[in-house]
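Take these sequences, add in the hints, and give me the full structure.
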Amino acid sequence: MNRSIKTGKEEWNRLLNLLVVAGEQIFAPVRKNGSLDYDLIDADNIAELVYNEAKPASPLKIFFLPVRLNVTSVNGMPERRIIIGAPACDIEGLKLLDAIYIDEKFTDETYQSRREKTIIIGAACHKTTESCHCTVYGLNPWPASGCDISLSAIDDQVVLTATSAKGESFLGEIEKQVSFTDAGEQVLGYIDKLRKASGSEISKINKGLPGTEETGRLTEAADANFWKKHSSKCVTCGACSAICPTCSCFLLIDKPGFEKIKQMDTCQYPAFERVAGGEDPLKELSVRFSNRYKCKYVWKPQRFMVLACTGCGRCTDACIAGINKNQVIREMV
Amino acid sequence: MKKNSKVISGNGLYKVIRATVDEVIDESPLIKTFVMTPEVPFKFNTGEFIELTLDGYGEAPFTPSSSPFVTERLEVTVMKTGYLTEKFHNLKPGEVLGLRGPFGRGYPVEKFFGKEVLIVGGGCGLAPIRSLLFTLIELKDKLKKVVLLYGSKTPTDCIYKPLFARLNKLEKFETHRSADRPDGSDWDESIGLVTKLLDKPLVNLKDAIAVVCGPPIMMKFATLKLIEMGFGDDEIYLSMEKNMSCGLGKCGHCMMGEFFVCKDGPVFTYAEIKHNPEIWK
Chain A
148 MNRSIKTGKE
158 EWNRLLNLLV
168 VAGEQIFAPV
178 RKNGSLDYDL
188 IDADNIAELV
198 YNEAKPASPL
208 KIFFLPVRLN
218 VTSVNGMPER
228 RIIIGAPACD
238 IEGLKLLDAI
248 YIDEKFTDET
258 YQSRREKTII
268 IGAACHKTTE
278 SCHCTVYGLN
288 PWPASGCDIS
298 LSAIDDQVVL
308 TATSAKGESF
318 LGEIEKQVSF
328 TDAGEQVLGY
338 IDKLRKASGS
348 EISKINKGLP
358 GTEETGRLTE
368 AADANFWKKH
378 SSKCVTCGAC
388 SAICPTCSCF
398 LLIDKPGFEK
408 IKQMDTCQYP
418 AFERVAGGED
428 PLKELSVRFS
438 NRYKCKYVWK
448 PQRFMVLACT
458 GCGRCTDACI
468 AGINKNQVIR
478 EMV
Chain B
10 MKKNSKVISG
20 NGLYKVIRAT
30 VDEVIDESPL
40 IKTFVMTPEV
50 PFKFNTGEFI
60 ELTLDGYGEA
70 PFTPSSSPFV
80 TERLEVTVMK
90 TGYLTEKFHN
100 LKPGEVLGLR
110 GPFGRGYPVE
120 KFFGKEVLIV
130 GGGCGLAPIR
140 SLLFTLIELK
150 DKLKKVVLLY
160 GSKTPTDCIY
170 KPLFARLNKL
180 EKFETHRSAD
190 RPDGSDWDES
200 IGLVTKLLDK
210 PLVNLKDAIA
220 VVCGPPIMMK
230 FATLKLIEMG
240 FGDDEIYLSM
250 EKNMSCGLGK
260 CGHCMMGEFF
270 VCKDGPVFTY
280 AEIKHNPEIW
290 K
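Chains as they are written, first to last, in my numbering: chain A, 148 to 480; chain B, 10 to 290.
Rather than coming from a laboratory, the hints here were simulated on the basis of the structure. One thing to keep in mind: the hints can contain errors.
Label-pair ranges, simulated between beta-carbon atoms [as the list claims (entries may be wrong)]: (1) B:Asn285 x A:Glu360: 10 to 20 Å; (2) B:His284 x A:Ile249: 20 to 30 Å; (3) B:Asn285 x A:Gly285: 43 to 53 Å; (4) A:Lys274 x B:Glu281: 39 to 49 Å; (5) A:Glu263 x B:Asp216: 31 to 41 Å.
Residues from chain B that keep clear of chain A, each with C-beta distances beyond 12 Å, as calculated [as the list claims (entries may be wrong)]: (6) Thr46; (7) Asn54; (8) Asp64; (9) Met88; (10) Glu147; (11) Asp166; (12) Asp197; (13) Asp243.
All figures in this text were calculated on a predicted structure; none of them were measured in a lab. Built from N, CA and C at the ideal position, the CB exists for glycine as well.
Laid out in structure tokens, this is it:
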């Protein structure tokens, strides 16, 4: 059983301040202009941190896959970095990124060092948004593994549960700085109730939406006309991929001195698969559009045995053409 | 071209090995072979590919056309077909390129032992095949027979002309060529598509495997014809051409269904990939 400890919110904020003063880099969700997103924490914004709401606007991957990175020169990573408030959907998405970037043959050092040096403090979603649908894919809106610590803030208390050895050692470290007590069954029971309630809410609003495997079958069965119809409004902006916790494709750009710059890319952009001879399997917009669905629901799950859509719903939130991914899937049925 | 650029440290996956161009061979009006000396001996298995960088301009995948038994020199055959390959064609001896690799899965030559090997190549697709042929020459005692069929647009577009004369003198090897159309130059071989060469009985199907490499349209029709002739889906080896950019199974540009062609291929049996209707695109 994982160890759970609690402290008062004021003590917690004092701890964060101590860590910031000690030079730790901490990112956590803050609401700015109505939008919840990760921000670098300093002494001034500690009190503004938002806990246990649904996902921040940016996916967790931004901490491991920067938009642009020189992969041939030494990369400037701090000794340690703490991310607070990662939702379960994003944490689940790291399984796919790990499988791609840290495989048995080729390990990407820039990715691996960021993963190793980061402490992820996940947070249960006590609230949900209209686009959340993690439960449809068998997930719960609270992290149980894949992160180091799970955090729940209730009333004036912050409860931390270690979910990895790294998390356990971090708890040991912070217990020396401020006072924590055992969380106790009553508090944990209350948290469980809150998070289960959001799980039920997500299941309710997504009733009838098929799971990963069924969506995969439907995606493969959908014909060219279906994709033409649903892609007709797509403007190829790539926002769906940029905001997706599992989209991880990139472009290599050459710079003098045999330097290589890795820049995030997407199959939604024209010429993604074009070869020098001119052949381009994804030339048509509708084929590029369908490629993303097939990648998420057929190919990546088949290849890596993990989810490639974790139900965060950001692609729907981000689409400027108003394309609702789940509505597209419902129309396949 | 910079010859003494600063030393790069960091992520080893993207670091290049420098290679100096020793010789540039004109193979056809559009195809050149670059003979290079890498700064360290370069080992690869036939059919595996490399990423070749023109400093500051770009990088592209090529399968070496030279013998894997030679590690101190490397040959890459390049068709002029776009911005980067045009730049490659302007290279002069003494200039320095960068290479990464080898990457992917090449030809499983040990599976060819005791068999008759039927090879169908088209255009610049003969480049990986030349490397395979150099390998098969070394291993010919273990093979029953090697038949090479090669098609080019015109007789002038036929590359590696001395190779055919050499192979035809070797025991167990035979070659047949076809040009899509004549162009007035000397040509005493067939005229027509390379698949026409498959009409003649060339190998004993009971004991044969086939290798196909060339433009997608040629690969498609050659494969269909081989199946019609009676080859099993797992007896046809295809070298797939996709936009292999990182070579590491990460960047996603070469995805073909669930496969990363750069890592799982570029050599596949038809049996492995035939469930995907989009392989010929």
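For this session: Run the C-beta distances from threonine 46 (chain B) to all of chain A and say if the shortest one exceeds 12 Å.
Result: Fine: 17 Å to the nearest Cβ keeps threonine 46 (chain B) off the interface.
For this session: Go ahead and decide if the range 20 to 30 Å is satisfied by the Cβ distance of histidine 284 (chain B) to isoleucine 249 (chain A).
Result: holds, 29 Å
Exercise. Within 43 to 53 Å or not, the Cβ separation of asparagine 285 (chain B) and glycine 285 (chain A)?
Worked result: With Cβ atoms ~27 Å apart, the hint is violated.
Problem set entry | Check on methionine 88 (chain B) being off the interface with chain A, judged by Cβ distance over 12 Å | violated, 8 Å
For this session: Run the C-beta distances from asparagine 54 (chain B) to all of chain A and say if the shortest one exceeds 12 Å.
Result: Fine: 14 Å to the nearest Cβ keeps asparagine 54 (chain B) off the interface.
Exercise. Beyond 12 Å from chain A, beta-carbon-wise, is aspartate 197 (chain B)?
Worked result: holds, 30 Å
For this session: State, for the Cβ atoms of asparagine 285 (chain B) and glutamate 360 (chain A), whether the hinted interval 10 to 20 Å holds or is violated.
Result: Since asparagine 285 (chain B) and glutamate 360 (chain A) have Cβ atoms about 19 Å apart, the given range 10 to 20 Å holds.
For this session: Evaluate the given range 31 to 41 Å for the C-beta pair formed by glutamate 263 (chain A) and aspartate 216 (chain B).
Result: Given a distance of about 53 Å, which is not inside 31 to 41 Å, the answer is violated.
For this session: Examine each Cβ of chain A, and state whether all of them lie more than 12 Å from the Cβ of aspartate 243 (chain B).
Result: holds, 20 Å
Problem set entry | Whether aspartate 64 (chain B) stays farther than 12 Å from all C-beta atoms of chain A, as the label says | Its Cβ does come within 12 Å of chain A, the nearest being 6 Å, so this is violated.
Exercise. Checking the smallest CB distance to chain A, is glutamate 147 (chain B) really beyond 12 Å?
Worked result: holds, 27 Å
Problem set entry | No chain A beta carbon within 12 Å of aspartate 166 (chain B)'s | holds, 14 Å
When the structure is compared with the earlier hints, violations turn up for hints 3, 5, 8, 9 and for no others.
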